[in-house]
Every structure is written in C-alpha cells, then in structure tokens.
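Mind the numbering: the sequence shown is residues 113 to 457 in the numbering used here, read in order.
Careful: at least some of the hints might be erroneous.
As the list claims (entries may be wrong) - DMTMM-like mimics (lysine to aspartate or glutamate), calculated; alpha carbons at most 25 angstroms apart, straight line: (1) K277 with E157; (2) K277 with E134; (3) K277 with E131; (4) K218 with D351; (5) K126 with D173; (6) K126 with D381; (7) K277 with D199; (8) K277 with D204; (9) K165 with D186; (10) K277 with D211; (11) K165 with D204; (12) K218 with D186; (13) K126 with D186; (14) K126 with E238; (15) K165 with D211; (16) K218 with D204; (17) K277 with D387; (18) K126 with D204; (19) K277 with D431; (20) K218 with D281; (21) K218 with D320; (22) K165 with E134.
Unchecked claim - Okay, the calculated beta carbon distance ranges per label pair: (23) S144 with E347: 35 to 45 angstroms; (24) N166 with E347: 16 to 26 angstroms; (25) D211 with K165: 12 to 22 angstroms; (26) R290 with R212: 13 to 23 angstroms; (27) S123 with K165: 32 to 42 angstroms; (28) R285 with V426: 30 to 40 angstroms; (29) G265 with R212: 27 to 37 angstroms.
None of these hints come from the bench; they were simulated from the model.
Please read these numbers as outputs of a predicted model, since none were measured by experiment.
Ideal placement from N, C-alpha and C gives every residue a C-beta, glycine not left out.
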Amino acid sequence: MRVYAFDIGASSVKHAIVETNEAPHISSGFPSLRLPALTFQAVRESVFSALAKNFATPAADIAAVAISTKGSVDPTGRVLRAGLFRDYAGVDWAALISDRFPHVPKVLTVNDGRASTWAEYRRHGEHVASFAHFVVGTGVGGGIVLAHRLMPGAHGAAGGLGHIKVQPDSTVRCSCTRTGCVETLASAPAVVRRFHQLRLGAGADVGDGPGRHAGSGRAAAGEGTLGDEIIRGGEITLDDVVRAARDGDEPALRAFRDAGRWLGAAISDVMNVLDPDAITIGGGLLQAASVAAAGGAHESYLAAAERAARDLAVARIADRTVIAPAAYGNDGGLIGAALLASTGP
C-alpha cells in the first residue's frame, strides 16, 4: 500500500510517497517545503500546493494521505493546538483536504511524536509489547506503546515526554511555561546554552547532569580553538557547537554529554514507570550529534543518556530494557503516519 505522507516541522514541511509493506520505506521523496511564516496559512498552502502538484487526480496506487504534525491531536485527528504556528487550533485536515481534493480516499492526522513512535515500534516487531520513543530536536517529544497499542491519551496529549521534570533548580522556562523540564536541558537549544555557559560562565549553571558518570567544574576552553573563535563571533547556533565538537573542543563535547545525561534522567523515569521492552531516541539533535562524531559528540550524547538512564532506573529494569538510536532517523514521522493510515494503531 502506498500513502502520500506529510511531516509538518518547525520550519518546513517534508513529504513523500511511503510504501507500507512488510519493510516500510520511502519510495518517492520530494524536496522539503520551506515555510515562509509560522502560520497555519503558510502550512496549509504548502500542503495544498504539494497535493495539487503530485496528487491532483485520483491515483489507484495511493490509498491515503497521512499528516504527521507538531501539536496536540485528538483521537479524531483534529489538531487541538500547536503554539508554534499562529491560528493552528481546531484544524481538521481531513475535512480541509477532502473539500479541496475530493478524490483523496482517506486522510489521517497524528502528532509527530506518536507517528515516529509507531514507526520505531513496528520496526522492532511483535515481540516488543511495551515501548517508548524520544524525539529530540528544538524540543523533546515522543510517544508510548503499551500492550501493542499506541497511547493517544484522554486529551490527545500522551507522549509529552519533554515535560518530565528533571531539574527543580533550573530557571529556564519551557514551552509549557514551567521550569525544570527535560526539554530545557536536553534539546538542541539546551546544547547551545550549555556550550555558551561552559565557555563564558554565562547564565544559570544547571550542572553536569545526573548519573555516576557526571563530571564537575568548568570545562577547559583552550586558547585559539574553533570554539574560542565561535564565542568571539557573536550569536551561537547548534551548527557552531557541532563544528567545535568535531574540532575536539571540550566545552562543545561536554555540552552534548551534559544534555545527554539530562535526557537519561527522563528516560529512567519512563523506564521506572512503564517497564518497557525497549526505548529508542531520535530527532534532529541526534543527526547533529552524528555529524559531530569525529569529535566524539555522537557517542557522548547517546552514551551519556544511556549511562544515566541505567544508573537511575531500578536495577531489574535497567538490566533488561533495550535503549537504542532510532532506526528511521528524521523519516520516522512520515513512515509512522503512513503506517497508521494504512493499518491503524
């Protein structure tokens, strides 16, 4: 079965034709659509323009349109709210698309964290009954599978793993308006903040992160390194920290490690509460860490997360739970939404 899938992200809309057979994969990929503004109108126009170009007439081999999106989505597929985009509340993609493109046979809408969770869960096979997935990028999200069922939650908000509280002394405010959330300590912006703090001592020091492997004290910055040049250059981006990590800059490497440890604290909470068979970690920050692998950032983030999780979880759970990087990378939202459209949760 082939599904035309969309993944609505923070700055672009990805879209592709997904084959949902026994080995789900993207059979036809298209260039991502950059969003000119953070508004629902911009998102809608991007989706509609892609459909008009690639699915303007009935196609016997495309059985559905699937939309993976940021924000809370209720069990009927209605977007309840997504603070990132203006006017993106109460949106019914199925009604909008069916009205504009009546030949589309079916439309399914799902939260992006739950979509990628389902893709990763299905990848693990039927021997995994309980499962959790973390998506780490500009924020932290994810999803939960219990007894082979994807959990939507009573209000469409299950899987808000980024709002697990891990640091009560943090003063950084989360997108949920509160402090102490793992999203503020383990996401891409958190890595940049930590690098800046380690370099200059600027801002509140939230510490190295939990677990027996946490270090202490300020990282040695070194003179004349790429990290030194980046600090002098003005505004810092994640790409800057990745470049510094590839260059072996210790504050950059430690920024990744510390963020990984905080993520591990949240993972341990999920392990202790759910006792899952497996937990996977994916998202844009993992891709950035992979690019920085020459400096050790990829290993330090993932390894630090796993070490902290196993240190903090109940021993009998820590010894048995599989913790692994996501298999589908940034394509999990597309593939998971397509799978849900083709077979359901």
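Now for the hints, and whether the structure bears them out:
Pair hint K277 plus E157 does not hold up; C-alpha atoms about 37 angstroms apart against a cutoff of 25 angstroms. With a C-alpha separation of about 38 angstroms, the suggested pairing of K277 with E134 is violated against the 25 angstroms cut-off. Only pairs whose Cα atoms come within 25 angstroms are accepted, and K277 paired with E131 is rejected, the gap being roughly 38 angstroms. As the CA atoms of K218 and D351 are separated by approximately 39 angstroms, the hinted pair breaks the 25 angstroms bound.
Taking the CA atoms of K126 and D173, the gap is about 20 angstroms. The hint holds against a cut of 25 angstroms. Between K126 and D381 the CA atoms are separated by roughly 32 angstroms; this puts the pair beyond 25 angstroms, and the hint is violated. A hinted pair counts as satisfied when its Cα atoms are at most 25 angstroms apart, and K277 with D199 does not qualify at roughly 29 angstroms. Taking the CA atoms of K277 and D204, the gap is near 32 angstroms; set against the 25 angstroms cutoff, the hint is violated.
For the proposed pair K165 and D186, the alpha carbon gap of about 29 angstroms is over 25 angstroms, so the pair is violated. Proposed proximity of K277 and D211 is contradicted: the alpha carbons are some 42 angstroms apart, above 25 angstroms. A C-alpha spacing of about 22 angstroms is found between K165 and D204, which places the hinted pair at or below 25 angstroms, so the restraint holds. For the given pair, K218 sits about 17 angstroms from D186 by alpha-carbon distance, which is consistent with the 25 angstroms threshold.
For the suggested pair K126 and D186, the alpha carbons sit about 22 angstroms apart, so the restraint of at most 25 angstroms is met. As the CA atoms of K126 and E238 are separated by approximately 29 angstroms, the hinted pair breaks the 25 angstroms bound. Note on K165 and D211: the hinted pairing holds, with a Cα-Cα distance of about 17 angstroms set against a maximum of 25 angstroms. Taken as a hint, the K218 and D204 pair is honoured in the structure, with Cα atoms around 13 angstroms apart against an allowance of 25 angstroms.
Distance hint between K277 and D387 is fulfilled; the C-alpha atoms sit about 19 angstroms from each other, no more than 25 angstroms. Distance hint between K126 and D204 is fulfilled; the C-alpha atoms sit about 19 angstroms from each other, no more than 25 angstroms. About 24 angstroms separates the Cα atoms of K277 and D431, which keeps this hinted pair within 25 angstroms; it holds. Note on K218 and D281: the hinted pairing is violated, with a Cα-Cα distance of about 47 angstroms set against a maximum of 25 angstroms.
Between K218 and D320, the direct Cα distance comes to roughly 48 angstroms. Violation of the 25 angstroms bound is thereby established for this hinted pair. In summary, the hint linking K165 to E134 is not supported, as the alpha carbons are separated by about 28 angstroms, beyond the 25 angstroms threshold. Remark: the range hint 35 to 45 angstroms for S144 to E347 is contradicted by a beta-carbon distance near 24 angstroms. Restraint check, N166 to E347: a C-beta distance of roughly 37 angstroms breaks the suggested window 16 to 26 angstroms.
Between D211 and K165 the Cβ separation comes to about 18 angstroms, which falls inside the hinted range of 12 to 22 angstroms. Hint check: R290 to R212, Cβ distance near 39 angstroms, so the stated range 13 to 23 angstroms is violated. At roughly 21 angstroms, the beta carbons of S123 and K165 sit outside the given window of 32 to 42 angstroms. Between R285 and V426 the C-beta distance comes to about 31 angstroms, which sits within the given range of 30 to 40 angstroms.
G265 and R212 have their C-beta atoms about 30 angstroms apart, which keeps the hinted 27 to 37 angstroms range intact.
In terms of the numbered hints stated before, the structure departs from hints 1, 2, 3, 4, 6, 7, 8, 9, 10, 14, 20, 21, 22, 23, 24, 26, 27, listed from lowest to highest.
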